[in-house]
Amino acid sequence: MIMKEKSLNPYVGGALIGLLAIALAYLSSILIGETKFFGTSTTFAKMSGMIQNLFFSSSSNEYFNRITLRIDWQFMFVIGIFLGSLITSLITGSFKIELVPPIFKERFGDNFLLRATLAFIGGIFVALGARLADGCPSGHGLSGMMQLSLSSLLAVIVFFTSAIIFANLIYRR
Amino acid sequence: MEVLLGLVFGIIFGSILTLAKVIRYEKQVSAVLFKDMTIIKFMFSAVLVGSIGITVLYQMGLIELNLKPLALGGIIIGGILFGLGWSLTGYCPGTSLAALAEGRIHAIFAVMGMIFGSLIFANFYSYLKPLINFGNMGKLTIYQALNVSPFVIILILAIFALGLFYFFEKKRI
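Line by line, the protein sequences are chains C and A. Be aware that the first sequence starts at 1, since it is given in this note's numbering, and climbs by one per residue. Be aware that the second sequence starts at 1, since it is given in this note's numbering, and climbs by one per residue.
Fair warning: there could be bad hints in the mix.
[As the list claims (entries may be wrong)] Which bits of chain C does chain A cover? Going by a derived footprint, with three or more residues having C-beta under 8 Å, they are:
no., stretch
1, 39-52
2, 66-73
3, 89-95
4, 113-123
5, 132-145
[To be verified] The calculated label-pair distances, taken between Cβ atoms and stated as ranges, are:
no., chain 1, residue 1, chain 2, residue 2, range
6, A, L4, C, L114, 39 to 47 Å
7, C, I87, A, V148, 37 to 45 Å
8, C, A23, A, N136, 26 to 34 Å
9, A, I105, C, T92, 12 to 20 Å
10, A, F151, C, Y26, 17 to 25 Å
11, A, G163, C, S57, 49 to 57 Å
12, C, A23, A, L140, 20 to 28 Å
13, A, G163, C, K96, 33 to 41 Å
14, A, F34, C, S57, 45 to 53 Å
[Stated by the list, open to error] Here are the simulated DSBU-like pairs of lysine-lysine, each with C-alpha atoms no more than 35 Å apart in a straight line:
no., chain 1, residue 1, chain 2, residue 2
15, C, K96, A, K171
16, C, K6, A, K171
17, A, K35, C, K105
By construction, these hints were calculated from the structure, which means they are not laboratory data. Here the structure is a predicted model, which means the values were calculated and not measured. Just so it is clear, CB atoms sit at the ideal spot from N, CA and C, and this is done for glycine as well.
Work out the full structure, taking the sequences as your base and the hints as a guide.
What follows is the structure in structure tokens.
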């Protein structure tokens, strides 16, 4: 028998995220006068703008001007996700140095360079896609869906349909 | 206050995702290969609980909504690219950083790809704008589009989600 790692029930975990979203919407409205919802992908664009500005002073970039390159609510939320995962995984012992993930290993072998390359290329498409669609599974999938937004419903359907097709092409033999 | 709120909610959000193991590459890839539906259970539970609270708070006038416009060009093209990238990396923006924090070193390449992809997007933004705004129908909720009460949509969502949960549990995926 395979030892099963203990984990939080997905229905309970999901429900907790739902409650957290409600608490956030309410508290942010009271405390900062603006309703906040979960989102992460714009912060990656901010990071890219900050890095670009280190090398070129590109204050004229229309997109960076639009999203503004200041450390805002979402930027700290993303840093918080990293810290939360780090602290939790160290406490529960799920922290593990992993060079190549299991399913990848089964399909492509134990090649770290190949995994790094595909992760990087995939990351580029993830970012381009999230920016074009104006959101990711946090912004559209969680926040947008909770608000019953039509754009998010469409985005989630396209995200999953596309991922189902490509993942089956990539991983099934 | 804004910055503190972001950090605190990020830490809780990241901790819950890590405890439920939904940040793992194998969970994300297995969902679109129909082998392990943990992230689908998680997302639907979050949306179901969240949508009830968000809708009630909004109807009471305690919060604002923050909808993204239904821009067909951006969402469809972006969604397809996102699905391709997501199946290659096995991470979306939020989970990539959390996975890195859990010791999954290879996720750093996904993060770097996402920052690089955002950089490409920002610098080609003026050329991409017509594509993004193609078929832009503005900010709409599903219930506004159908001219029904939001609770009708939540009810349909609940029936759909519970049906899916029943199916997943029966199939043990």
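Verification of the hints:
no.	hint	in the structure
1	39-52	holds (count 10)
2	66-73	holds (count 3)
3	89-95	holds (count 4)
4	113-123	holds (count 9)
5	132-145	holds (count 14)
6	A:L4 with C:L114: 39 to 47 Å	holds, 42 Å
7	C:I87 with A:V148: 37 to 45 Å	holds, 44 Å
8	C:A23 with A:N136: 26 to 34 Å	holds, 32 Å
9	A:I105 with C:T92: 12 to 20 Å	holds, 19 Å
10	A:F151 with C:Y26: 17 to 25 Å	holds, 19 Å
11	A:G163 with C:S57: 49 to 57 Å	holds, 55 Å
12	C:A23 with A:L140: 20 to 28 Å	holds, 26 Å
13	A:G163 with C:K96: 33 to 41 Å	holds, 36 Å
14	A:F34 with C:S57: 45 to 53 Å	holds, 49 Å
15	C:K96 with A:K171	holds, 30 Å
16	C:K6 with A:K171	holds, 21 Å
17	A:K35 with C:K105	holds, 17 Å
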